Structure formats: structure tokens, C-alpha cells
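Quick note, the sequences are listed as chains C and D, same order. At position 275 of the first sequence the residue is numbered 256 (our numbering), and the sequence of numbers has no breaks. Here our numbering = 1-based position in the second sequence + 4.
These are calculated hints, taken from the structure and not from any lab test. Please note that the accuracy of each hint is not assured.
To be verified - Every beta carbon over 12 Å from chain D, so not counted as near; a handful from chain C, in silico:
hint, residue
1, MET(-9)
2, LYS24
3, GLY25
4, SER47
5, LYS70
6, GLU106
7, LEU169
8, PHE188
9, THR199
10, PRO283
11, THR299
Stated by the list, open to error - In silico contact screen, one side only, chain D against chain C (beta carbon under 8 Å); selected entries:
hint, residue
12, LEU65
13, MET98
14, PRO109
15, HIS124
16, ARG169
Please read these numbers as outputs of a predicted model, since none were measured by experiment. Glycine residues also receive a C-beta, built at the ideal position from the N, C-alpha and C atoms.
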Amino acid sequence: MENRKISPEMFRVVGATASDAEKISRPSLTFWHDAWIRLKKNKGAIVGLIITIILILLAIFAPMLSPYKYSDQDLRHANLPPKVPGLEKISWLPFTGYSAEKVDTRGIKTPARDMYVTENMRTGEKTEYKKYHYFGTDDLGRDLWTRVWTGARVSLSIAVIAAIIDFLIGVTYGGISGFFGGKIDIILQRIVEVIYGIPYLIVVILFRIAFEKAGIVTLALAMTVTGWIGMSRLVRGQILKLKNQEFVMAAQTLGASNMSIIFKHLIPNTLGPIIISIMFTIPAAIFAEAFLSFIGLGISPPLASLGSLVNDGIKSLTFTPYKLVFPATVISVMILSFNLIADGLRDALDPKMRK
Amino acid sequence: MTNNEKLLEIKNLKQYFNKGKSNEVRAVDDISFDIYKGETLGLVGESGCGKSTTGRTIIRLYNATGGQVLYKGEDVHGKKSRSDIKDMTRHMQMIFQDPYASLNPRMTVGDIIAEGIDIHGLSKGKERQERVFDLLETVGLNREHASRYPHEFSGGQRQRIGIARALAVEPDFIIADEPISALDVSIQAQVVNLLQKLQKEKGLTYLFIAHDLSMVKYISDRIGVMYFGKLVELASSDDLYKNPLHPYTKSLLSAIPLPDPESERTRRRVAYNPSVHNYQDGEELKMREVAPNHFVYCSEKEFKEYQASYVK
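Using the sequences and the hints given, assemble the complete structure.
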């Protein structure tokens, strides 16, 4: 056999140079883009998102487009059942403007009748009320459709304001407590524990007494007096976890100031849990507001919130159930859809938590 | 060693945690050594013996409990204005152990590398961009990587990004805090070779903290052995391997596996038992120079024994 010598000249590069080895073929995705892709895959979250958007749009535009004002009273047309154009002919739907057939304790039947037609007792002349009330009217003749969406607007505003105040106070407080640590942390945490010990209802009642008429802002403030504590603890924990990470040390060795470490390194990394927490705060605040309004500590009439509408509706549940059903449904759907979004966001922003 | 110019002097450095409490930890307990310009000083020891703490205290990540760190004769610690501290950070940099924790996951690689440039206002706009590309290429990465996020990179690539970040401010002295222990063996060589290449090109001085003894011998000019917060032996790397004097060093060296079945069969691990010293009260323990440039932490009595046993 021929003895062949192998020399470098016999080889040549056919491709794949050293620098090609470092190439990344996957397209570059930011953290938020990646989270959005994960969120899109979650059907529940998308349904929640769509419903929430619809509810928010209704809360903004329905009172504006309605011919009635939420405070317009018309005692001649009080307690009218719902009537919707187009649906009024479908007899099995509760949008016909007819009252329900009733049977009293003695077994005497009162047949269903069109409540939008009034009969003059003396002449027998019938006059038809030509307008429509989609959700009916209340005992003062106020249009419930307008009132429900005004109420939704009020409830959402309170919830969003409460969430924003929670966010601002909680992030600042927790951030300072966690970042500076030591004595500052000890003092701040003892203050938190004291505030946490104050019963929330007492604070709300005190607020109600201090501000005779409860408006959107007073209610939101009452809710945040103790509400920001959860957020501050969350942020403190996150900051404590992050501040000893090596990338923070690297920034310190590069000579970064405390401010730039907080805003460039710590806050962006806690944003995920903060957003999740805010998204869970909103439905909780809606619920709390509804509860407060329901027990009479909430918004003052004639302004309505979903809770105060439910409170009004429950008084005549057997005769005019629609007064309760509509606001109660809106509350439930709103809270459910917010929770669905928050749940989806938690999975999307923190994939490690998912089982 | 060709150069005898001292770049860094560490004098009686102490770092105690929870000082004065019952759970006081003496992570670094009165250690002194010098680092010469252009050399690589390896620092080895078991987990928790204070190697990393030493590194972090030198660079002022922790405030020293006592002692001095002199950089070109100037104290790194003590009261300093912000601009002085900032100035010092340009000379000293650090490479971290965990390539997954040492890069901010919310920043692009370009911004991570440019962080030092931005803080010190070294360059702006297009110039800054060019500098980032330069640094990426220096550590063997591509320009396109600047706009990507850390999670898209492998451990070795991330470690090189960390090196590029440290190089951005053009330091003279780099503390490498176990830069390779979190990496795959094949990638370790890549990173170590890169560090050596950079040292040659830029005349860098390294403090190389590690627990992989064979890697430390490969990269270091001198090696310091730490045990429970104390420096027990300091010598040039060949000398240390040839003439380990302190029993702890002997024990450490006996634990190195060799890729040779013959020698592996006969290799016996020696366990270190601190009671072998049998120190009496009143005996002064300190670093003594047993042979030229070979220091051992010992008593007067041991000093004589070590000198006798030293193989020329």
C-alpha cells in the first residue's frame, strides 16, 4: 500500500466558519413579546380579555349613547320590565315588556300584561308608551340600562384608582424597604404590621363619616388605606431576592448609582409579579366596592354603582327580579373575566409557576 | 515573574459578618498578600472558605471589617466621594460565577455590555455602538448578538458577554470569581483561553478564584490556598505543586484525579485534620517565608520543620 502523508493543504473549509457556530437562528423575542405569545395560547385569558374590553366599552359608551340620564326620574313609568327592540316579539325572552304571570297565596292568577300600555280606568282608553328600556326601569322610573353601565363605570373607576394607588404606594414603600434593608427595613415593616392590624371595615366606616358624601375618590382611598400592604410585601420580597443577584453586583462594580440600579435592574425584573398583582387587585376592588355599596357604605345616590343597584334590586326581588339580575350578572361577569385575564397573565409572565 | 511592580496590596484584610453577635462569621480573617502587575494569582480552597468574599471585599462590594486594600498605593476602602469610587471601578472589574444570574434578563446584550460605558460616559451614539460591536468580537461573538436577550445564549456565550461587560471600562485588574465552575468542561477551556488571550493583548492582571486545582495550575503564575478565612500557603504555582508544605495544601493536592489508571491506583487521598498542628498557647501564627516567595501560615516551630523538608 502506498504510504500517504496528510498535509494541511489537502483540507479546505467547506462552510461553517467559527463565527457561524455562534449564530442564533431563532428570531429575537423580547420578554413581553414572548409573554404575549404565551397569553394568546390561553383560551380562557383571551375570552376574559374580550369580555373585559366589551364591558369597558359598554361602561364608557352606553351611558353616553343612551337617551336617558342615570338620574332622570319619570314616576309615571316606574317599575317597567325590560323591553328591547327586535327581541320584544320573542315571547319566551324576558325582553317583551310584559309583566310575569303571578299566582298569589290564595291561588288567584294575575295574567301577564304589557306594562308599556297603560289603560285609563274611566274611559278604557289605552295609551302606549313608545320608548324602550333595555333593562327596565327602577321604582323611580330611572332607566336601568343607563344606570347599570354608569354603575359599571363607577365600579371600574374605583377599582382602577384603587389599583393605581396600591401600585404607587406599594412599589415605593416595598422597594425602599427591600433595597435599603437593615434598620430602615425593620422600622418600615413594623409600621406595616400596625397598619395591617387595623380592621378594614372600620377604616371604611371612618372614611364614610369623615366624608359625608362618598364619591369615587373617597371610596378608592378608603380601600387603599390598607390595600397597598400586599403590594409592598410582594415588591419587598422580589427586591430582596434580586438585590443579591450577580447582575446587580456587576452594576455596582461598574459604579452604577442606587437610583439606576433600582430603575434599570430591579423594577423591570419585578414588573411581571407587579402586573399580575394589579390584575388580581382590580376584581377584588370591584368586589369590595360592590360589597360596601350593598351594605350601604358605598356610593351615595343618585350616582349608582353595581353594588348599590343590587342593593336596590334585592328589595323587590319577587316582583321585579330584573332589577337584581342585570347588575348582579354584570358584576359576576366582570370579576370572572378579570380573574381569567390575571390567571392567564400569571402563566404568561411567570412560566416557571405553571405546573 | 518578570515584573515586580505591585499593583494591589492587601493588608490584614478582614471581613466579618454579624460582627459582635453570637452568629459571627469570620469569612475573611486577617489575610495579606500582594498582586503584581500582569500576573495571574489563583486563589483556591474548599467551598465556604472565603475565596469569593475576599474577591468581593477587594472590589468593595462588601465593606471591609478591617485592613486595607491598596491599588497602586491608594486605599480602595474607607470614606470616598462618589467620583472617587467611580474612578476606582474603571480600574477594577469582576467576572462572576453564575452566567445565568450575572446578566439582567430584561436588557439586551448590547445594553448590558454598554452599561459601564454609559455610567462613565465613555462614548455615545454611533461610537458607543461601534465599541459594543468591537467588544463582542473581542470575546468571539457576532455583531448581531447586540440586540438579543441573555436567555437566548448558552452558558459559555453568557460568560463571554460578562467578560465583554468587564472589559468595556478598560480595567487593569480583573477579579474572576469562579468564572468557569458553572460551565461545561469543553467550554471551560474556551473561556480560560479567552482570558489568557486578553491578558496577553491588554496586559491585564487577574485574581482567579476557583476550586478546580488543575485549571488553576494551568492559568496561574502564583497560587494562594485558603482555609477557613485564612491564607495558609502562597507560592508560585510550580513551587506549590512541587513543594506543598502546609498539611491542608497537601490534602488538597492529593485530591486531584489524574487521567492515568496507573497513578490513580496508587493515589491516596490525605484528609486534613487541623489538630496535627498541635499549636500551643502563646505561639505566634503568621505567614512566614519558608523559601524565596513561598509563604506558609505556621508557627515558629513548624517554620523550622518546613524549611528542613523543603526540596530544592
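Hint numbers contradicted by this structure: The structure conflicts with no hint, since it agrees with every one listed earlier.
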